[in-house]
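There are 2 protein chains.
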Amino acid sequence: MVSSHVQPNPTPAPPRFELLTLGDELLLGLTANTHLAFIGGELARHGVELARNVTVGDAATAIAAEVATSWARADVVIVTGGLGPTCDDRTREAVAGVLGEELVFDPAIERAIAERFARFGRLMTPNNRKQACRFARGEVLPNAHGTAPGLWLGRDGKVLVMLPGPPGELQPMFATQVLPRLARLGLLAEREPYVQFRTAGVGESLLETKLQPLFDRYGDALTVGFCAHHGTVDVRLSSSDSRLGLARLEQLAAGCAQLLGEDFVCHGHDSLAKACAELLRTREKKLAVAEAATGGLLAAALNELCGACKFFAGGVVCCANEAKIQLLGVPECLLKQHGAVSAECAVALATGAAEMFGADYALAITGSVADGSAPPWDARNLPSSAGTAGNGATPPNGGSLENPVGTMFLALHAPHGTWSKKITAPGARCAARQKAVSTALDWLRRELLRAAA
Amino acid sequence: MVSSHVQPNPTPAPPRFELLTLGDELLLGLTANTHLAFIGGELARHGVELARNVTVGDAATAIAAEVATSWARADVVIVTGGLGPTCDDRTREAVAGVLGEELVFDPAIERAIAERFARFGRLMTPNNRKQACRFARGEVLPNAHGTAPGLWLGRDGKVLVMLPGPPGELQPMFATQVLPRLARLGLLAEREPYVQFRTAGVGESLLETKLQPLFDRYGDALTVGFCAHHGTVDVRLSSSDSRLGLARLEQLAAGCAQLLGEDFVCHGHDSLAKACAELLRTREKKLAVAEAATGGLLAAALNELCGACKFFAGGVVCCANEAKIQLLGVPECLLKQHGAVSAECAVALATGAAEMFGADYALAITGSVADGSAPPWDARNLPSSAGTAGNGATPPNGGSLENPVGTMFLALHAPHGTWSKKITAPGARCAARQKAVSTALDWLRRELLRAAA
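Protein chains in written order, with numbering that gives the first Met the number 0: chain A, 0 to 452; chain B, 0 to 452.
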């Protein structure tokens with residue numbers, strides 16, 4: 000599938016890839032543009048840096064203008080969306096028009112669509128027929144997970160690829176049909192064109208300051224990129240004119256790792272959850288979680304990993320105080336005295352979860368986060384009417400002077416002790432919950448590292 | 000904040016908004032472009048349809064070219080990213096260069112940055128100083144959640160807005176500073192320019208076929224958009240030349256709702272979880288969940304809602320069979336005979352969760368989903384070595400002939416009975432888990448609707 004060694008005619012300038020993502024729903028904020036991250040990531044893993052992504056709506060004129068621009072300057076143009084059966088799906092016609100290609104009805108595609116409907120016992124409505132049109136001189140990329148096939152057109156030494164919008168259809172089609180075709184054309188390489196490592200616990204500017212002495216040795220041969228996520232900062236090393244090979248960059252990354260100590264998480268793209276999972280597996284330890292404020296997100300981050308059963312004993316999501324008392328053995332008097340948003344409650348939850356699941360380690364998260372329906376800077380979230388989660392003891396729109404909305408308590412239970420930690424995450428609910436999950440996992444990671452030493 | 004009535008000089012053509020999102024990490028697939036969905040959504044809620052979004056990397060030449068293009072054709076250009084302290088943050092300089100604006104060092108900004116570092120007890124490194132540069136004749140948008148301030152430039156009857164990349168900094172800045180400024184300029188309206196409703200259980204093409212007779216009455220005055228998510232399809236009604244007012248479109252949406260019956264979920268953007276929450280609250284019932292395959296995602300979807308304690312009793316995440324047996328009372332012999340991926344196990348999990356949390360309703364999800372590290376079309380996921388989740392009874396890379404990877408069993412426990420349902424979700428792990436969550440919630444929604452009738 001990878002073919003840098005069969006590249007027929009290597010040119011100094013790498014081929015230019017552009018991506019057009021189409022759909023009013025992307026611009027109206029109704030659907031996240033996941034295609035950019037997926038296609039950009041897949042191409043990068045095969046040595047290609049996507050040069051540009053443009054998103055426009057379903058209007059045929061806007062589609063035609065962007066296709067014309069990209070086709071003129073790029074070697075490979077990938078277009079997503081607008082291939083479906085409904086009236087707002089206009090990509091096929093718009094692209095054919097601007098490139099002067101003929102669309103033909105293909106009975107084989109129609110049969111495949113009809114068979115798909117029959118297989119699911121559903122009615123094939125006549126509007127599905129338009130999905131059976133293809134370029135007269137192009138190829139068809141069959142769709143194993145939906146009705147609209149993809150289309151492939153090679154012309155003028157360039158490639159145009161059109162893919163259906165639903166990620167569940169686009170992603171397998173890209174991986175199994177588009178990448179192999181691009182590889183056969185010698186357009187892909189064996190690995191990503193950069194070296195990345197992940198850090199935690201150090202801000203972006205301090206991280207750069209710490210690492211700069213190592214970077215300075217390479218002058219402008221080295222390109223460094225920083226990218227902050229919730230609780231982690233990624234560092235990307237590359238060399239645009241390839242003066243530094245990947246082996247040299249990996250050596251530099253290893254030097255950074257040594258300098259950073261515990262703040263270094265991993266080479267590559269692994270999540271904090273994965274780093275914890277590997278440490279737990281190596282030590283043959285199991286983890287349990289109890290979540291109030293994060294409501295299942297921590298469990299989901301762990302369960303997402305392959306073979307989670309081996310290190311993740313299980314989790315409890317307990318919003319109401321009754322559940323905290325009855326299932327996890329949090330004393331009622333503790334909740335009365337300290338409230339559910341307290342270090343004491345977090346510790347009791349962690350201890351309770353470890354016992355309940357017979358786990359060696361346990362993480363607990365309790366706290367008040369901003370209301371889901373309104374960000375914290377919204378008037379609905381001002382102290383007098385702020386929303387909470389995980390605090391059944393106070394009114395549903397609680398938060399207190401001592402522990403305002405965004406205050407969370409974490410607890411870590413380990414074989415040799417249980418500790419608590421207070422964090423403040425005054426951002427929107429989703430970001431606050433992500434920050435709590437990252438902080439908890441990074442705490443466990445450091446504890447596991449020390450347990451080994 | 001909203002000011003369509005104070006619009007100083009209403010013009011027939013609405014102002015054109017374009018968004019430039021900058022950063023190598025977006026094109027390399029390392030970070031999702033959340034700014035498009037956030038800014039596009041916020042603008043839409045204020046009557047503005049974002050016309051175009053372009054993403055390019057950190058190279059100054061690419062940034063300058065895109066800024067020049069957008070500035071020439073749009074009335075408002077919003078630029079995100081590249082304002083940070085590190086060497087790859089080049090937006091300020093690139094934009095100043097292409098627009099011929101002067102950058103000046105602003106000691107007040109530097110003081111604000113220094114104070115922020117002092118407040119968190121961190122060291123302000125010298126590289127942070129570059130964030131204290133602003134346009135000589137522009138305005139500064141203070142950053143309450145980070146170091147880099149935003150910049151606002153009004154010129155030639157146009158507006159340029161530059162915002163920091165981290166969503167936790169950008170989002171509050173946009174909501175509290177950018178939107179009010181745009182409103183004062185008369186660029187915003189009171190509500191979104193469309194009417195949307197959400198459906199479940201009907202495919203996109205059948206949905207259009209069902210609704211077309213209602214749509215046909217309006218000819219080309221009506222614009223219809225369809226957008227499929229996991230388990231739901233949204234329908235968006237608008238009228239680009241405003242021949243149909245929003246009241247008329249709402250009337251049409253009500254007609255569609257009547258025609259669709261139970262398949263109609265809600266007007267607007269509410270999630271299936273929210274629809275369930277409202278039905279549970281009205282009926283004063285509580286829900287519990289037990290998750291193996293989805294590992295906390297269902298609980299997280301419910302807990303995300305404001306006031307979740309009122310209807311969500313709690314949840315258990317149980318990967319290992321021991322947890323299923325000991326916590327939820329699933330009989331060991333049942334697991335031996337039927338396996339963890341079975342209708343029997345799902346029913347026992349739902350019943351056990353309802354009992355454990357004292358809930359009226361319970362949902363359970365068990366099954367085998369594709370390995371997290373590799374999509375199901377990857378060789379690592381072929382039957383012989385497929386990954387599983389939630390099935391401690393079979394080897395970690397299980398899946399069976401009868402229940403291949405992607406098979407999940409759901410169970411719904413209600414006051415008058417418990418039922419199970421088998422679904423197939425052969426897609427990537429994330430999509431399969433989302434599908435299971437949506438299917439479970441839609442099932443509960445329909446059951447609650449019937450319980451009322």
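Bear in mind the hints are in silico, worked out from the structure with no lab data behind them. Some hints here could point you the wrong way.
Which copy is meant is left open, so a pair is good if it fits within one copy or across any two.
Calculated pairs, DSSO-like style, for lysine-lysine (alpha carbon to alpha carbon, straight line, at most 30 Å) [as the list claims (entries may be wrong)]:
no.	residue 1	residue 2
1	K335	K129
2	K129	K284
3	K421	K129
4	K129	K420
5	K157	K335
6	K421	K157
7	K209	K157
8	K209	K335
9	K157	K309
10	K284	K209
11	K420	K309
12	K157	K284
13	K309	K209
14	K420	K157
15	K284	K421
16	K284	K335
17	K421	K209
18	K129	K309
19	K209	K420
Just so we're clear, the structure is a prediction, and the values are computed from it rather than from any experiment.
Hint-by-hint comparison with the structure:
| no. | hint | in the structure |
| --- | --- | --- |
| 1 | K335 <-> K129 | neither (65 Å within a copy, 50 Å between copies) |
| 2 | K129 <-> K284 | neither (56 Å within a copy, 46 Å between copies) |
| 3 | K421 <-> K129 | neither (58 Å within a copy, 32 Å between copies) |
| 4 | K129 <-> K420 | neither (59 Å within a copy, 34 Å between copies) |
| 5 | K157 <-> K335 | neither (70 Å within a copy, 57 Å between copies) |
| 6 | K421 <-> K157 | neither (56 Å within a copy, 45 Å between copies) |
| 7 | K209 <-> K157 | neither (45 Å within a copy, 41 Å between copies) |
| 8 | K209 <-> K335 | neither (46 Å within a copy, 56 Å between copies) |
| 9 | K157 <-> K309 | neither (48 Å within a copy, 58 Å between copies) |
| 10 | K284 <-> K209 | neither (34 Å within a copy, 55 Å between copies) |
| 11 | K420 <-> K309 | both (27 Å within a copy, 28 Å between copies) |
| 12 | K157 <-> K284 | neither (53 Å within a copy, 60 Å between copies) |
| 13 | K309 <-> K209 | neither (37 Å within a copy, 48 Å between copies) |
| 14 | K420 <-> K157 | neither (56 Å within a copy, 48 Å between copies) |
| 15 | K284 <-> K421 | within (26 Å within a copy, 34 Å between copies) |
| 16 | K284 <-> K335 | between (34 Å within a copy, 25 Å between copies) |
| 17 | K421 <-> K209 | within (27 Å within a copy, 54 Å between copies) |
| 18 | K129 <-> K309 | neither (49 Å within a copy, 48 Å between copies) |
| 19 | K209 <-> K420 | within (26 Å within a copy, 55 Å between copies) |
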